[in-house]
Amino acid sequence: MSIKSLLCTSAMLATTVSMAYAETEVQWWHAMGGANGERVNKIAEDFNATQSDYKVVPVYKGNYTETMTAAIAAFRAKEHPQIVQVFEVGTATMMAAKGAIYPVEQLMKDAGEPFDGDAFLPAVVSYYETPEGELLSMPFNSSTPVMWYNKDALDAAGASIPETWDDVKVAAQKLVDNGMECGVSFGWQSWVMIENFSAWHNMEMGTKENGFAGFDTELSFNTPAVAARLDDIASMTEGNLFKYGGRRGDSLPMFTNGECGMWMNSSAYYGSMKEQADFEFGQTMLPLDTALADAPQNSVIGGATLWVLAGHEDEEYKGTAQFLSYLSSPEVQAWWHQETGYVPITTAAYELSKEQGFYDANPGTDTAIKQLSLNTPTPNSRGLRFGNFVQVRDVINEELEALWAGDKTATEALDAAVERGNTLLRKFERSVK
Amino acid sequence: MLKRVHFPSSPLPYLLVAPQLAITLVFFIWPASQAMYQSFLIEDAFGLGSEFVWFENFEALWADQHYLDAFLRTAVFSLLVAALSMGVALLLAGFAQRVVRGAMFYRTLLIWPYAVAPVLAGALWVFMFNPTLGIFPYFLDFFGIDWNHYLNGNQAMALVILAAAWKQVAYNFLFYLAAMQSIPNSVIEAAAIDGAGPGRRFFSIILPLISPTTFFLLVINMVYAFFETFGIIHAVTQGGPGSSTTILVYKVFNDGFVGLDLGGSAAQSVVLMVLVIAMTIVQFRYVERKVEY
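Residue numbers (this note's numbering), protein chains in the order written: chain A, -16 to 416; chain B, 6 to 298.
Only chain B is shown next, with the shape it has when bound in the complex (with noise of 0.2 Å):
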């Protein structure tokens, strides 16, 4: 009773947040949650009939090779790009931060890949790399290469690979830029004043100093591989030749999309929607606490 006369409830931080669960629900929990009502359900195409299954579609999952591959895949496909992209966005950052003349010019060039869509930027490198028509394959074919990723799989996901970190890089490269500007300079005059170049300067001060803009980028890279690589891999390769380059969010896409199995393709949004989640617990729990700050 007593912490009632103190705090006397007020209908207004209900009200103030009200807008925000208003949108959370409409457009996350409810959509949530039918894809698992869905993925319990076997159902035609047009919903005129459908048959509640459990566990089923699950099961049907765990069972299929292809679904499996798809995740060994996906793993691969992630570490990848965020390795290249966050890779070469650390080295560009480290020069970018060293220019003095028109490093604004350089900074604007650099960001401006990731104003450019997904489904754009894969249309861009499928001219690149077509092999027919693409200059890159006329290029590697003086080095005997002979560049098909209409057939060749590994080529296919070295190019989806490819495009998609190139897109990423320019996000990437601003939080790089912008943690190595928080570094004081007062930290490295005094490691350059004890002899230290430029390569040990970035490697025993700078680069410990933004672990952790580099893990928050990890996270943030894993998930965009994940979920928005979705209109590179659709434009580039549609997720062939045969299968290699079908990646989990694709694979929902095709079966749910294409191929109309509705319940088999909300079992897989909704396993997506685990690993999501344990993910971001994973970012919240270990690595923000591991971080050195």
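The following block holds chain A by itself, in its conformation from the complex (with noise of 0.2 Å):
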């Protein structure tokens, strides 16, 4: 063989080669596992099989935490995903990153693809938005808290569905007097015990908008109104009507194996619930407590959102949007709602599972967006923003923890969070200067 052919050969061999390599990439990191991880691969692939310019490729990177931190630190050796999958207390770090973000809202535009902004539900995107209302990241998996119960455990104990604090009260004692081990239960304390009860009650968490309208927010959710509500169930571990049962959904096997008959945690335990309770179970909403206001106002979203990074090249910008609205779209969107228990993002997704019938066959299933979209969302209930929040509920964790166990009243345990939330606050504050 020539020295000719040889190079001839090898420069065929090259132009094959790069043929198929003709699709762009795009990357996405994403935190789903299991289950939820299979769905994830099933809409790149679906999305894959639409055309043929592009190809996403999922990578699971580990929990929320363990994903974002890993897309940092690629970032930083300008190996980064076009696409991320962070969670919501991520939202301050990422928005603060002006260099590493493109925001979805600018990459749609650039990239040519359709994009109403009032075609997401208020709630759902309302907490990824600048001040001026530009869109940050996709949202891709919401939900919010819910009050989960136990049917059948209510009616032998003769209880009825709690609406207020009171209810649950009245609700929990039936309960344990009726030989429960423990009445009410709850996870994620600080969205769901902080963060939510502040909105569901329209109070702030934090000045400034709760973040929105500056880094220089300071926490303020150190009230009378709060202390009085977790004095209030921290009274409660007598005779255990309340029982604590660990941070996020540590506490999900008290309330399947028939421990607690109510629990309150994310919507998106619907998955889990189906398959490990034996019992009739149902959601409704979060309990009002009617000192604090006469009507809730709405609850906000916890999940995770797609972030998409900067300094990759134009062409995989394009599948990018393409991708993302895709993603967006209102079968994919209703599909994923029903098979998860997250909110649809969109209310053509919202609308289309109505018109497929599954919020009759599954009663209870729409209780995350109804409370979401109750009303429009106020500066209190739109969403947080703070910095170093995963330090931050951390610490809400910790002082919470230090209540429950008696060791602190809850004014005591609430005025050590604020002021340990808030150095982080001026720490995250120096840091993004």
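Hints listed in this document are in silico derivations from the structure and should not be mistaken for laboratory results.
Misleading hints may appear alongside valid ones.
With beta-carbon atoms standing in for the labels, derived distance ranges [to be verified]:
#, chain 1, residue 1, chain 2, residue 2, range
1, B, Ser38, A, Glu21, 58 to 66 Å
2, B, Phe132, A, Asp160, 30 to 38 Å
3, B, Phe132, A, Phe262, 21 to 29 Å
Calculated pairs, SDA-like style, for lysine to any residue (alpha carbon to alpha carbon, straight line, at most 20 Å) [to be verified]:
#, chain 1, residue 1, chain 2, residue 2
4, A, Lys416, B, Ala108
5, A, Lys61, B, Leu53
6, A, Lys134, A, Phe262
7, A, Lys410, B, Ser55
Not the full set, but computed from the structure, chain B residues with beta-carbon under 10 Å of chain A [unchecked claim]:
#, residue
8, Pro13
9, Glu64
10, Leu138
11, Asn153
12, His154
13, Glu194
14, Ala196
15, Ala197
16, Asp199
17, Ala201
18, Gly245
19, Ser248
20, Asn259
21, Asp260
Positions of the beta carbon are idealized from the N, C-alpha and C atoms, including for glycine.
Since each chain comes alone in its own frame, lean on the hints to assemble the complex.
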């Protein structure tokens, strides 16, 4: 074989190889393990099947914190993905990294993808908008805390489904009297009992519109109103009307085992509950504290959004924009919502689910979306934007745990949480200057 | 000049040392110096802007009551882990030494836990002690103990100490067994002829003769408790409830990788680095000389 033919063959090889890679790859780092991970893969595969120019590659990177840390480390090493899923508490950190992110609304405009901000549910997108109303990241999996109840247990104890905190106490007492080990419990306590409790009763959690109006925000949830509610819950530990079961979703088994009759946590536990609970369960809206408001405002979301990172090729961003369009289409959203219990992010997806009869077949599954769209969000209920929020939440966890253990009163715990939290906020403010 | 003639310099020794030096430089010195540098900065997570602040991160640490609490907690945790795992290992080694039949079998079983990864060890204990599902809380209930390490900081601490000590027993056992086997039989037989019972022989002959091993293990176990218990704590309590099981190394991780406070986290790891260097110096300078061989 002469050198010439060798060169020729290698040149041909090179062309075939580059032909095979003609699709532009879009990396999508996410934090969805287990069944939801498979659903994420399905979404990517389905999108890849709809066209041949782009290929979305989903990569599971561990839990939310690990995924975000991995993306940041990758960004520093210039090896970052186009799309990364970041949980809601990371919003302020991402937003502050102006050179690192590509605002989704801007991306859609640049790539010429149709984008209508009004199509999205206000309570879902308001969390991720700038004060001027520009959408920064694409909502993907959003949920909100609801009140889960064991219908069989409530019926057996002769208790009704609670609507107010007074109802919760009465029901808890009846459940315990009827032989249950505990009345009520909750998880993700900062999110459920501070963040959402505040929004639900239209009270601010921090100054400067909960941080939306500036990084010089200060926490302000150490009010007598919040303290009174928490003190009351702490007093319910006596007689096991309330039992603390750990952070995050650690207390889920307490509910699915039939130990506790009521449980406040994310609506996205729907899938796990269908699998684990062998009793009839239901979900209803969060209880109202009648001393604080006559009617609930709206709850705030949790979960994660997809952020687009800066520093890639235009062609890759075109694919990214197309994929985000596909992701927010009513069909995909309705499917995702019905499978997981996350709320649909667009009104169209909600309407489609209604048309498909999903809510009639599964009563109560629209609780989350009803809670979110109860009223137009106010500055107190639009969402939260605090820097170092992961640590702030840890601080709140720690102080609340001291309260449940009886080491502190609610006022002491809240004051300490606010003071420690503010130190973290100041530290963040300095680091993003 | 004379010396040069007698010992002509050759590149060979340098070449032989070079790989080790390179590894030390790349994997130890360079990261350590990066940590030092980072500890002088206040920086946002993405590294888009940073400010050189000299010792401000360290000053913030000393002013932070929670950091000082973590110090004390780490001391208590490490001492208890070391004492518990070494005590149990010593006891087991003493017995295993005396077993005649099936000695290999027992020894193999006792060494087994060492092969378990920290996270798995942690997961094991999490299952056994889960307040709702675990078998131990169920038994403890008969004794009127309400076990809930999600809420009770002392119980959580006890649990991570137990798990950490359990994993290290195997390692200590190996060293103790080897040390005991190296004691000449004649010494023990002589004591036996003089009328010393097993207990007396253990405390008067065996224990003093294996004291070098004890001191060696003490340092190793302290370092283990300081650093390698991270996986166990991460799996069992994640530092909670409250911050009752947040030891120094866990705080480094939590502040740096979860909280993205890189400067503060780096400052903490520099403090830890200094601590380990101090411990090593103590071992070489003080302990090794004091111990009777």
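We went through each hint and held it up to the structure:
no. : hint                              : result
1   : B:Ser38 <-> A:Glu21: 58 to 66 Å   : 44 Å, violated
2   : B:Phe132 <-> A:Asp160: 30 to 38 Å : 32 Å, holds
3   : B:Phe132 <-> A:Phe262: 21 to 29 Å : 24 Å, holds
4   : A:Lys416 <-> B:Ala108             : 66 Å, violated
5   : A:Lys61 <-> B:Leu53               : 12 Å, holds
6   : A:Lys134 <-> A:Phe262             : 8 Å, holds
7   : A:Lys410 <-> B:Ser55              : 13 Å, holds
8   : Pro13                             : 46 Å, violated
9   : Glu64                             : 13 Å, violated
10  : Leu138                            : 6 Å, holds
11  : Asn153                            : 8 Å, holds
12  : His154                            : 9 Å, holds
13  : Glu194                            : 57 Å, violated
14  : Ala196                            : 53 Å, violated
15  : Ala197                            : 54 Å, violated
16  : Asp199                            : 57 Å, violated
17  : Ala201                            : 51 Å, violated
18  : Gly245                            : 6 Å, holds
19  : Ser248                            : 6 Å, holds
20  : Asn259                            : 7 Å, holds
21  : Asp260                            : 7 Å, holds
In this structure, the hints that do not hold are numbers 1, 4, 8, 9, 13, 14, 15, 16 and 17, in rising order.
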